[in-house]
Amino acid sequence: MEMRILGETGLNISSICLGTANFGGTGEFRKSGEIDQGEADAIVGTALDSGINFFNTAEIYSDGRSEVILGKSLGKRRDEAVVISKVHPCVNAEKYGKGYSRKRIIESCEASLKRMGIGYIDIYQLHMFDETTPLEVTLGALDKLVTDGKVRHIGCSNITAFQLMKALSVSSKNGWGKFMTCEAMYSLAARWVEFEVLPACMDQNVALLPYSPLHGGLLSGKYGKGKPWPAGTRFNDASDTGPWSVEENYLYKIVDTLTLISEKHGVTPAQVALQYLLNKPGVSSLVIGVRTVHQLNENLKAMDFMLPADDFEMLDEVSRPLRRYPYYVYDPVQ
Amino acid sequence: MKTRFLGRTGMQVSELCLGTANFGAKGVYEASGRIEQKEADRIVALALDSGINFFNTAERYSYGIAEEVFGKALGKRRQEAIVTTKVSPARYPGPNDGGLSRKHIIEGCEASLKRLGTDYIDIYQNHEYDPHTPLEVSLRAMDDLVRQGKVRHIGCSNFTGWQLMKALSISDRNGWERFSTLEMRYSLCSRTIENEHIPICLDQELALLPWSPLHGGYLTGKYKRGEPIPEGTRFSDFNDKFMEVLPEKLFEIIDVLHEIGEAHNKTVSQVGLNYLLQKPAVTSLIIGVRNLHQLEENIHAVDWQIPSKETEALDRISQPRMGYPYFVFNPELDKYVRV
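Residue numbers (my numbering), protein chains in the order written: chain G, 164 to 497; chain R, 46 to 384.
Hints were generated in silico from the structure; no laboratory data involved.
In the SDA-like style, the derived pairs of lysine to any residue whose C-alpha atoms are separated by at most 25 Å in a straight line are:
no.: 1; chain 1: R; residue 1: 324; chain 2: G; residue 2: 294
no.: 2; chain 1: R; residue 1: 294; chain 2: G; residue 2: 491
no.: 3; chain 1: G; residue 1: 336; chain 2: R; residue 2: 181
no.: 4; chain 1: G; residue 1: 336; chain 2: R; residue 2: 214
no.: 5; chain 1: R; residue 1: 294; chain 2: G; residue 2: 487
no.: 6; chain 1: R; residue 1: 267; chain 2: G; residue 2: 488
no.: 7; chain 1: R; residue 1: 286; chain 2: G; residue 2: 479
no.: 8; chain 1: G; residue 1: 336; chain 2: R; residue 2: 215
no.: 9; chain 1: G; residue 1: 427; chain 2: G; residue 2: 463
no.: 10; chain 1: R; residue 1: 269; chain 2: R; residue 2: 304
no.: 11; chain 1: R; residue 1: 286; chain 2: G; residue 2: 357
no.: 12; chain 1: R; residue 1: 286; chain 2: G; residue 2: 491
If you're wondering where the values come from, they're calculated on a predicted model, not measured in any experiment.
Start from the sequences, fold in the hints, and give me the full structure.
In structure tokens:
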């Protein structure tokens with residue numbers, strides 16, 4: 164397993180981070196699978212044995228069940244793992260209203276610790292930005308968690324570049340722990356972060372953790388031009404892809420290229436797609452969700468495969484998003 | 046002409062700002078028509094007489110000629126005007142003739158003052174971000190110009206969102222003058238800046254100054270579906286690499302502009318300009334004109350107000366797909382334009 168340094172934390176993490184949004188799989192999270200405790204134990208055990216030491220959960224995943232299951236699966240191996248959990252501005256609204264009050268941040272963290280049965284969270288992230296609470300309050304509360312030892316570092320997710328840069332400057336002005344990670348949707352079929360969020364992260368040494376690196380499964384090789392929409396996946400049909408909605412011709416152009424390259428090297432399209440992302444500047448570790456130990460093993464094989472530079476270029480070219488103003492490549496020296 | 050407060054400067058500027066990119070135009074700037082000194086004199090005088098007190102130039106426009114022509118045209122009426130000029134990061138012809146180095150910012154400002162024939166610039170803007178000079182160096186030099194009295198306020202143009210937010214934090218941390226204005230391309234055909242830049246302007250109280258509010262002339266009504274493009278316009282086709290026009294989308298927008306214009310006895314341009322003036326953070330629209338007639342037409346774009354119900358139709362027809370992470374914060378809007 165390839166290991167990388169996580170931003171400015173000094174932590175050594177695997178280039179694959181196991182996502183657990185489908186652990187417990189209730190409510191809207193059921194779509195990506197329903198992993199029960201037994202299956203989760205097998206997946207987490209295999210992950211740790213294969214060198215994956217990076218795990219990602221959130222209080223909102225199945226109303227806390229994902230945290231409970233992950234905590235049990237890690238069990239005595241907690242210290243081998245770097246664990247991310249996330250606080251969400253909308254859960255328990257009857258108690259906290261909407262936003263990131265000091266009350267919510269402190270109590271949510273304590274509840275997450277309890278559910279996971281652990282004494283500290285390695286990276287505690289804001290699940291999405293929320294503008295209803297002043298950043299000074301939110302970041303001050305997060306820093307208190309760090310000082311109290313409940314949290315080692317803080318991070319963010321689903322944030323614009325403006326919000327990220329503003330938050331970093333507020334932390335810096337107050338001498339508080341800054342966001343070390345930024346979890347964002349990033350894949351061959353969703354490269355919007357390259358315009359603002361990724362350059363900001365690179366400039367500020369914030370580790371970018373792509374989520375949905377296979378674009379919700381659309382880049383797995385199961386979907387292709389003229390292929391019937393497969394059963395047992397997250398989506399019923401092309402109109403059901405929600406935030407992963409993508410123009411079909413664009414998607415199939417990418418999938419065709421992935422298939423071509425994968426056949427050339429005797430690997431799967433998913434493995435090529437993951438390697439592509441691991442070769443992008445600024446990317447730290449890919450958050451992947453799996454339904455079975457078998458899928459995990461398939462993804463692990465992506466780690467042994469090196470994507471040749473010309474194949475990387477080909478993928479980069481077919482998936483290149485339109486560079487609109489003000490994102491022209493501008494170099495005043497030329 | 047109505048005026049608005051310009052960001053946090055305490056100054057009031059007219060809702061229209063006269064752009065001067067075609068004053069004495071040479072080279073690339075000639076495409077929008079060359080304005081000779083005499084014509085410039087008349088245009089600037091009519092602007093001032095009509096209540097336009099806001100003017101925009103740059104050292105790069107025809108390598109200083111625009112500043113000279115504009116300075117002469119303004120002449121003794123300098124005090125009536127709020128003058129913006131811009132320092133360029135493009136290094137031409139020599140390696141340090143341009144760039145946001147301390148050297149060029151100071152020397153560029155002094156050269157602009159000389160060409161304009163004035164001893165202060167109201168708003169001195171960075172024309173683009175310069176990846177080769179740390180922001181700390183550029184912003185310190187800009188602040189020194191403010192303290193020396195050569196410049197009253199500073200601003201920037203064509204920055205990305207994160208660059209702008211970074212610059213504002215650096216100025217604040219050091220107690221330096223911070224950017225008060227942001228000059229960006231913004232029109233019904235180009236709404237990308239709604240993702241990052243407009244939230245920043247609103248949060249940080251910057252005045253947004255749209256350039257190319259008629260998208261280089263594409264939104265003037267001169268371009269008609271299925272008809273040949275008229276002579277003497279800036280673009281002879283729809284393939285301009287910087288203006289990024291999708292002809293079908295353009296004509297859909299023009300159809301709505303035309304419809305609204307008919308109902309209010311206004312032209313396509315007048316509706317397009319008025320629409321933009323109602324958008325959040327927008328303070329003053331930078332307009333370029335070829336002649337007095339165009340200036341008069343633009344002046345009448347701001348003597349009425351488009352009903353808010355009709356701006357909704359324009360909002361919807363011109364809404365671009367938002368992309369991640371922006372749809373997270375506007376799921377309803379995104380659903381509307383999702384493919």
